[in-house]
Amino acid sequence: EAGVAQSPRYKIIEKRQSVAFWCNPISGHATLYWYQQILGQGPKLLIQFQNNGVVDDSQLPKDRFSAERLKGVDSTLKIQPAKLEDSAVYLCASSFRAATNEKLFFGSGTQLSVL
Amino acid sequence: EDQVTQSPEALRLQEGESSSLNCSYTVSGLRGLFWYRQDPGKGPEFLFTLYSAGEEKEKERLKATLTKKESFLHITAPKPEDSATYLCAVQGANYGGATNKLIFGTGTLLAVQP
Numbered sequence: 005e006a007g008v009a010q011s012p013r014y015k016i017i018e019k020r021q022s023v024a025f026w027c028n029p030i031s032g033h034a035t036l037y038w039y040q041q042i043l044g045q046g047p048k049l050l051i052q053f054q055n056n057g058v059v060d061d062s063q064l065p066k067d068r069f070s071a072e073r074l075k076g077v078d079s080t081l082k083i084q085p086a087k088l089e090d091s092a093v094y095l096c097a098s099s100f101r102a103a104t105n106e107k108l109f110f111g112s113g114t115q116l117s118v119l
Numbered sequence: 004e005d006q007v008t009q010s011p012e013a014l015r016l017q018e019g020e021s022s023s024l025n026c027s028y029t030v031s032g033l034r035g036l037f038w039y040r041q042d043p044g045k046g047p048e049f050l051f052t053l054y055s056a057g058e059e060k061e062k063e064r065l066k067a068t069l070t071k072k073e074s075f076l077h078i079t080a081p082k083p084e085d086s087a088t089y090l091c092a093v094q095g096a097n098y099g100g101a102t103n104k105l106i107f108g109t110g111t112l113l114a115v116q117p
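Just so you know, the protein sequences line up as chains A and B, in that order. Using our numbering, you'd call the opening residue of the first sequence number 5 and step up by one each time. Using our numbering, you'd call the opening residue of the second sequence number 4 and step up by one each time.
Calculated from the structure, these hints are not laboratory results. Among the hints, a few may not be true.
Claimed, not checked - Label pairs and their computed distance ranges (CB to CB):
| id | chain 1 | residue 1 | chain 2 | residue 2 | range |
| --- | --- | --- | --- | --- | --- |
| 1 | B | GLY44 | A | LYS75 | 43 to 49 Å |
| 2 | A | ILE42 | B | GLU61 | 30 to 36 Å |
| 3 | B | SER21 | A | ARG20 | 47 to 53 Å |
What the hints assert, rightly or not - Which residues of chain B face chain A? A partial, calculated answer using Cβ under 7 Å:
| id | residue |
| --- | --- |
| 4 | GLN6 |
| 5 | ARG34 |
| 6 | LYS45 |
| 7 | LEU90 |
All values derive from a computational prediction rather than experimental measurement. Quick reminder that beta carbons are idealized off the backbone N, C-alpha and C, glycines included.
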């Protein structure tokens, strides 16, 4: 079974520039998550989708971050404009459904450096 | 506010030297406590879910236990391939809606030397 695919693997930008990350979840997984992991910290949920609808975006900095999941499959996370504190690994995860006993499957992430 | 604290931050073991990692949590209505393993440059990989105090789960050299305030990940006779960061996370009952949000700790970096 193919895992969660993310691209790019690495991205270096200057502050105030824009950047976008792409995620393709495991086939058949209705729930998709974007987590932010700052160096030395645990992942923090930014947004959760159920099919193509947003379930939770309470921790998404909406003045600069946006995300979409068109057609309920792959997803894009965008940052515009980027700040130094956005330097982190952005992890995409998926699960079959949104339930406590569902395993989350994570991709390898996109490492973002904002200079 | 829900919180997860893991200790120690880092642990170095000799191959075969058993030990335990600790995860203390504060959550309003625990729905589940999760252990994940994270290798460098990779995303977290699911290990266990525990739902209620007294529950235990095992997988190879790993055994996870749960009390009302903390969870332990016991590693028996570790091997170098067990070296990774081990993350603990909780899911509370009061997040609202259909969110499946996990609150992660900062992890324990385990190094097992041959």
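Tested hints:
1. B/GLY44 with A/LYS75: 43 to 49 Å: Violated: the Cβ-Cβ distance is about 30 Å, outside 43 to 49 Å.
2. A/ILE42 with B/GLU61: 30 to 36 Å: Holds - the Cβ-Cβ distance for A/ILE42 and B/GLU61, about 32 Å, lies within 30 to 36 Å.
3. B/SER21 with A/ARG20: 47 to 53 Å: 51 Å, holds
4. GLN6: The hint is violated - B/GLN6 has no Cβ within 7 Å of chain A, the shortest such distance being about 11 Å.
5. ARG34: 5 Å, holds
6. LYS45: It holds, given that the least Cβ distance between B/LYS45 and chain A is near 5 Å, below 7 Å.
7. LEU90: Hint holds; B/LEU90 Cβ to chain A Cβ min 6 Å, cut 7 Å.
Violated hints for the displayed structure, listed by number in ascending order: 1 and 4.
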